[in-house]
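Peer 1: What follows is each chain in one-letter form.
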Amino acid sequence: MSWFQKIIPPKIKRRAESRKVVPEGLWSKCPSCEAVLYTADLDNNMQVCPKCGHHNRIGARQRLALFFDEDTGSEIAGNVLPVDTLKFKDSKKYADRLEEATKETKETDALVVMEGKVENLPMVAAAFEFRFMGGSMGSVVGERFVRGVDAAIKGKRPFVCFSASGGARMQEGLLSLMQMAKTSAALTQLSAHRLPFISVLTDPTMGGVSASFATLGDVIIAEPNALIGFAGPRVIEQTVREKLPEGFQRAEFLLEHGAIDLIVDRRELRKTIVRLCTAMLRKPAPKIS
Amino acid sequence: MKVTFLDFEQPIAELEAKIEELGTMQGDASVDISEEIARLKKKSLTLTRQIYGKLNAWQVSQVARHPQRPYTLDYIQNLFSGFEELHGDRAFADDPAIVGGIARFEGEPVVVIGHQKGRDTKERQYRNFGMPRPEGYRKAMRLMRLAEKFKLPIFTFIDTPGAYPGIGAEERGQSEAIARNLYVMAELRTPIICTVIGEGGSGGALAIGVGDRVLMLQNSTYSVISPEGCASILWKSADKASIAAEALGITAPRLKSLGLIDAIVNEPLGGAHRDPETMYENLREALEDALREVRERPLNALLNDRYARLMGYGKFKEAKA
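Protein chains in written order, with numbering that gives the first Met the number 0: chain B, 0 to 288; chain G, 0 to 320.
Next up, chain B with everything else stripped away, as it sits in the complex (with noise of 0.2 Å):
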């Protein structure tokens, strides 16, 4: 060691030295705070920033991966696939659509449903997949999570669901209108069973999502700053002619006007969840580890 080294504090040493082995790519810029963030620190931390707490979106295989304890999930209906039943073709083909989507994101459909557990309790849990078509709720999300909520009253289990969606697959005409319908209606099966539902909302929640399951939780929880609303805030805009006020359609805007009992931090969900579930379902509280 060269006196030169001898003389740098440790922690400026470490940083040099790690750079040496840092390849290019792994820094990604927090959109919020526009901290530079080591991509591993992201990953350690389920894609929230270490300085300023901005949730980004993470896809769903990844969310029920967070939320169950290892290993422990399995996937319930994967096997239900979109079909053109309309033959939809505007600049693209729906079928066209539905094969470039299935590449990106290595999904069938924006539904992903697993049961597993969380600190030990079964649950039946489902999430959006946003990259495909913008988590949008065509006929095979509505079968997938009518099927999850079956497997969660066969199994007597709650039923989570983390949305993330832009609404009905308008390429679906009307058959995605009727999911709405559809999902719903489920939910009054798992009710009439009394088994939790609770209703996860990330950025962003809207349209058709929003304005059936995904607001017909027993609790229904926000992650922090997800945009939630029934109407798009472009075609408010344009409807109403007037500026939206600050944090419109935010999740502490619903949070203030009583449309959401809580907003729970990433980092917290699984705790929270396992807290409420096990309460409604009169089970003794949870030893979480």
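For the record, the hints were derived by calculation from the structure and aren't laboratory data. Don't take every hint at face value.
[What the hints assert, rightly or not] Not the full set, but computed from the structure, chain G residues with beta-carbon under 10 Å of chain B:
no. : residue
1   : Pro-10
2   : Leu-14
3   : Ile-18
4   : Gly-22
5   : Leu-72
6   : Gln-76
7   : Ser-80
8   : Gly-81
9   : Leu-85
10  : Arg-89
11  : Gly-161
12  : Ala-162
13  : Glu-175
14  : Ile-232
15  : Leu-309
16  : Tyr-312
Here the structure is a predicted model, which means the values were calculated and not measured. Glycine is no exception: its CB is placed at the ideal position from the N, C-alpha and C atoms.
Since the structure of chain B is already known, use the hints to place chain G on it.
Peer 2: For chain G alone, coordinates are given in the frame of chain B:
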């Protein structure tokens, strides 16, 4: 009332104008022109038949939005008796974009609920163009609960561009108001018969559209998004609305073939507004049939049927697991 003609009806409009002109001339004409009038009337009829025989989806949506088309209150006044309109959601306000109350249908007490559009500028504004706010849906739900309590069947009439996209509507929970109705209607312990009489605009329509029978008038539409909205999102231009209308499959025959509605109620030639009396009679018969059918089922069986029908919505394939 003078008929307002749509763009695609202009050839009919021209003929009708000519007929009217001749009609006023007839009084002082030295020659008999009644033959000519009869000939033109026949021609107009044939032309109307031709045009209406092959309406495309976009043209149908023009008819569905026709400013002279009968609205919910017209049907209530002509098909029901003793209507007492009931107001308000008991929490915030009364929403004039949805009307409802207790009435009698063929002597039997029932609850009626429907979107209401306005006839002139002032009333259109008052009715907010038939676009409900949360309190409208909550009023509807309150009336449905009333119907359930007193074992009255429910008739709903759907005619809205959609739920209102406004600041106040969002603040008061537009999403929840719609969602709650879907949930409540799925298990409401009384028969529900829904009819799309004009525009079935998305979630705002569906929020009073879950039931045991769903009927559509021949020239009504029912869609997940307005053709204009869909065009501006997917084609990046609202001008492509006619293409979007076709692609979305919003007409009654198309939706019947998809199994999403039960029956189509025929309209008089040229649309419901051309001959409202015939329209009322056609709908009365259809509603009588629907009520008789749902009445034949014991309530529990009816609710099971309703649930099964809701679960059956959707088209997908299943890969072997």
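Peer 1: Now look at each hint and say whether the structure bears it out.
Peer 2: Evaluated hints:
1. At about 31 Å, the closest approach between the beta carbon of Pro-10(G) and any beta carbon in chain B exceeds 10 Å, and the interface hint on this residue is violated.
2. This hint is violated: Leu-14(G) has a C-beta 36 Å from the nearest C-beta of chain B, more than the 10 Å allowed.
3. For Ile-18(G), the shortest C-beta to C-beta distance to chain B is roughly 40 Å, which exceeds 10 Å, and the interface hint is violated.
4. Among the interface hints, the one on Gly-22(G) is violated; its C-beta lies about 44 Å from the nearest C-beta in chain B, farther than the 10 Å criterion.
5. For Leu-72(G), the suggested interface contact is broken, since its CB lies about 25 Å from the closest CB of chain B, more than 10 Å.
6. Restraint check, Gln-76(G) versus chain B: the minimum CB separation of about 30 Å is more than 10 Å; hint violated.
7. The beta carbon of Ser-80(G) comes no nearer than 31 Å to any beta carbon in chain B, farther than 10 Å, and the hint placing it at the interface is violated.
8. At a threshold of 10 Å, the smallest CB-CB gap from Gly-81(G) to chain B is about 31 Å, leaving the interface hint violated.
9. Because the closest C-beta pair between Leu-85(G) and chain B is about 25 Å apart, greater than 10 Å, the hint is violated.
10. Checking Arg-89(G) against chain B by beta carbon gives a least distance of about 16 Å; that is not within 10 Å, so the hint is violated.
11. Here the hint on Gly-161(G) is kept, as its CB sits about 9 Å from the closest CB of chain B, short of 10 Å.
12. Because the smallest distance between the Cβ of Ala-162(G) and any Cβ of chain B comes to about 6 Å, under 10 Å, the interface hint for this residue holds.
13. The beta carbon of Glu-175(G) comes within 4 Å of a beta carbon in chain B, closer than 10 Å, and the hint placing it at the interface holds.
14. The beta carbon of Ile-232(G) comes within 7 Å of a beta carbon in chain B, closer than 10 Å, and the hint placing it at the interface holds.
15. At its closest, the beta carbon of Leu-309(G) sits 4 Å from a beta carbon of chain B; the interface hint therefore holds under the 10 Å criterion.
16. Contact between Tyr-312(G) and chain B, as hinted, is supported at the beta carbon level, the nearest pair being about 4 Å apart and thus within 10 Å.
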